[in-house]
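Visitor: Generate the whole structure from the sequences, applying the supplied hints.
Protein chains in written order, with numbering that gives the first Met the number 0: chain A, 0 to 294; chain B, 0 to 322.
Calculated directly from the structure, the hints in this document are not laboratory data.
Among the hints, erroneous ones may be present.
Below, simulated PhoX-like cross-link-like pairs (lysine-lysine); rule was C-alpha separation at most 20 Å, straight line [unchecked claim]:
#1 Lys-219(A) with Lys-280(B)
#2 Lys-186(A) with Lys-167(A)
#3 Lys-285(A) with Lys-280(B)
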Amino acid sequence: MDMQTYTKFDKRIMRVNRIIIAFLVLITIIPLIYVVIASFMDPATLINKGISFNPRDWTTQGYRRVFADSSILRGFMNSLFYSFTFSFLTVLVTMLTAYPLSKKDLVGRNVITMFFVITMFVGGGLIPTYLIIKDLGMLDTPWALIVPGAVNVWNIILARTYFNGLPKELSEAATIDGANDLQILFKIMLPLAKPIMFVLFLYAFVGQWNAYFDAMIYLKNPDLQPLQLVLRNILIQNQPSQDMIGANTAMAEMKQIAELIKYSTIVISSLPLIVMYPFFQKYFDKGILVGSIKG
Amino acid sequence: MENSSEIQNQQSLKATSGVRISKWTKTKNRLKRDKWLYVLLLPGVILTIIFKYFPMYGAIIAFKDYNPMLGITASPWVGLQHFKDFIFSPNFSMLLTNTLKISIYGLLLGFLPPIILAISLNQIISKKIRQKLQLILYAPNFISVVIIVGMLFLFLSANGPINSLITKITGHPILFMSNPGYFRSIYILSGIWQGIGWSSILYTATLAGVNSDLYEAANLDGANILQRIWHIDLPALRPIMVINFILSAGNIMNVGYEKAFLMQTSMNIPTSEIISTYVYKIGLQSGDYAYSAAVGLFNMVINVVLLVIVNGITKKLNDGEGL
Numbered sequence: 000m001d002m003q004t005y006t007k008f009d010k011r012i013m014r015v016n017r018i019i020i021a022f023l024v025l026i027t028i029i030p031l032i033y034v035v036i037a038s039f040m041d042p043a044t045l046i047n048k049g050i051s052f053n054p055r056d057w058t059t060q061g062y063r064r065v066f067a068d069s070s071i072l073r074g075f076m077n078s079l080f081y082s083f084t085f086s087f088l089t090v091l092v093t094m095l096t097a098y099p100l101s102k103k104d105l106v107g108r109n110v111i112t113m114f115f116v117i118t119m120f121v122g123g124g125l126i127p128t129y130l131i132i133k134d135l136g137m138l139d140t141p142w143a144l145i146v147p148g149a150v151n152v153w154n155i156i157l158a159r160t161y162f163n164g165l166p167k168e169l170s171e172a173a174t175i176d177g178a179n180d181l182q183i184l185f186k187i188m189l190p191l192a193k194p195i196m197f198v199l200f201l202y203a204f205v206g207q208w209n210a211y212f213d214a215m216i217y218l219k220n221p222d223l224q225p226l227q228l229v230l231r232n233i234l235i236q237n238q239p240s241q242d243m244i245g246a247n248t249a250m251a252e253m254k255q256i257a258e259l260i261k262y263s264t265i266v267i268s269s270l271p272l273i274v275m276y277p278f279f280q281k282y283f284d285k286g287i288l289v290g291s292i293k294g
Numbered sequence: 000m001e002n003s004s005e006i007q008n009q010q011s012l013k014a015t016s017g018v019r020i021s022k023w024t025k026t027k028n029r030l031k032r033d034k035w036l037y038v039l040l041l042p043g044v045i046l047t048i049i050f051k052y053f054p055m056y057g058a059i060i061a062f063k064d065y066n067p068m069l070g071i072t073a074s075p076w077v078g079l080q081h082f083k084d085f086i087f088s089p090n091f092s093m094l095l096t097n098t099l100k101i102s103i104y105g106l107l108l109g110f111l112p113p114i115i116l117a118i119s120l121n122q123i124i125s126k127k128i129r130q131k132l133q134l135i136l137y138a139p140n141f142i143s144v145v146i147i148v149g150m151l152f153l154f155l156s157a158n159g160p161i162n163s164l165i166t167k168i169t170g171h172p173i174l175f176m177s178n179p180g181y182f183r184s185i186y187i188l189s190g191i192w193q194g195i196g197w198s199s200i201l202y203t204a205t206l207a208g209v210n211s212d213l214y215e216a217a218n219l220d221g222a223n224i225l226q227r228i229w230h231i232d233l234p235a236l237r238p239i240m241v242i243n244f245i246l247s248a249g250n251i252m253n254v255g256y257e258k259a260f261l262m263q264t265s266m267n268i269p270t271s272e273i274i275s276t277y278v279y280k281i282g283l284q285s286g287d288y289a290y291s292a293a294v295g296l297f298n299m300v301i302n303v304v305l306l307v308i309v310n311g312i313t314k315k316l317n318d319g320e321g322l
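Guide: This is the structure in structure tokens:
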């Protein structure tokens with residue numbers, strides 16, 4: 000592009016374009032910055048005047064109150080466990096399934112592929128799935144979040160495409176040396192497939208970390224609730240725990256505190272992802288791009 | 000996998016004995032050779048049977064008078080009764096309209112912004128600045144739906160920041176979250192806010208892959224920026240636009256119920272109740288499994304039919320190129 004010459008008209012368009020993008024960036028970050036500032040406000044000021052830039056109106060009360068209760072931390076630990084185990088399982092199953100399907104001469108390859116692909120478009124629906132999970136005794140156990148979604152057909156297609164892109168000579172040479180398919184997969188192919196495994200792991204992790212719906216359906220025990228359900232209680236259902244509000248608080252004050260706690264909760268719970276996101280962003284991009292070149 | 004030693008084996012066998020190896024023997028040899036591959040497939044296949052195909056069988060509950068004591072298989076058949084009940088129920092037209100409106104408006108309003116953003120970003124010459132902008136614009140995608148909806152409630156509440164501005168101008172706040180008239184706009188606009196950057200990635204990558212010779216040639220011909228976008232960028236984006244459009248149009252009945260459900264208040268139900276949230280409430284909250292499974296099945300069938308129709312139309316319009 001830098002070889003080009005720009006006319007006056009072009010330059011004007013580019014100026015307008017820069018204004019549009021600046022506007023978009025502002026729209027994107029202003030709500031986020033607002034939340035951060037609001038989370039440090041004094042509750043009465045927040046509800047009466049909104050945010051203020053006067054340091055005398057700032058407090059860390061919101062954060063102290065959120066940490067006065069164990070529910071956020073417990074939800075956090077639960078989510079960490081669910082997300083790690085789920086991502087590990089889904090990547091494992093994906094790689095095990097994708098490798099055989101990447102073999103062009105596998106007998107029944109097309110039928111097996113169809114067997115998986117059909118489930119992308121047709122399914123039993125919410126209720127029959129719920130009944131199966133109930134019959135398996137998975138209700139109110141972590142399994143309900145970890146196992147049922149482990150087979151992700153889209154991921155299998157991605158991984159299969161990736162395997163197809165690896166040089167065939169490697170596995171052929173290993174076969175001649177007497178290695179069987181298990182040894183080839185675990186000793187040769189998987190080490191080569193680390194990049195795609197990492198991308199799939201990240202996607203699965205973020206997906207599970209941010210999900211609430213399955214946990215809402217399958218887990219009734221509050222001790223098992225992931226972070227997002229705890230957040231739902233506080234943010235959407237207006238049910239912060241009594242430990243956060245504090246005993247013997249007047250009604251009007253309670254409302255102010257509840258509002259403040261919401262902002263602090265949002266910041267605390269988003270922090271881990273926001274901090275890690277810049278380091279991982281290129282991998283997320285890569286995932287989308289690999290996905291677009293589907294086989 | 001090309002198993003060369005195997006093939007050599009077979010060839011030598013053929014040459015020496017002159018026996019023509021039947022197709023079946025060949026298949027049998029390959030099955031034997033690939034036994035470990037089938038073992039590897041087992042976990043995925045078993046999980047899919049249990050969690051995808053069993054529920055498909057379980058969907059016959061929609062045609063039964065389900066009795067938990069008898070189980071799905073032994074419960075008596077009622078034919079299309081549940082479907083009739085749903086279609087003639089007073090809720091039916093509201094649910095269908097709400098579902099269709101929210102996704103059609105969402106598709107129409109949400110389709111172009113990511114494309115425009117990608118073209119806009121493509122005009123930023125400095126790669127470094129472009130990457131920084133992308134980092135910011137992609138970020139909202141990683142915020143969970145619970146937090147997004149939590150932020151909506153906070154920002155749009157009667158004493159939230161938006162209403163404190165509105166109150167200054169008009170004197171009284173607007174109750175966004177309890178007024179059914181605002182539900183769709185809030186749902187769709189917040190969706191665009193969250194997704195515009197992320198949905199533009201593919202378009203951005205496609206534009207980055209456009210041969211720069213094309214731009215230079217256009218430049219020599221005296222084309223201005225808008226003409227270059229029109230004649231070079233848009234045609235390059237067209238295939239992906241088509242695929243994205245088919246995929247979203249085929250998903251019209253699959254409104255993101257996770258978000259709609261969170262955004263529901265007792266006041267905005269007239270516009271915010273959609274088929275999938277209704278299925279959840281009737282089935283899992285009220286326990287009417289069979290009826291709500293029928294509603295869910297109805298939704299899915301329409302969806303598959305739509306996908307086939309849209310794919311067919313696009314194929315015709317797009318010179319035989321569909322999905």
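Visitor: Looking back at the numbered hints, which does the structure fail to meet, lowest number first?
Guide: 3
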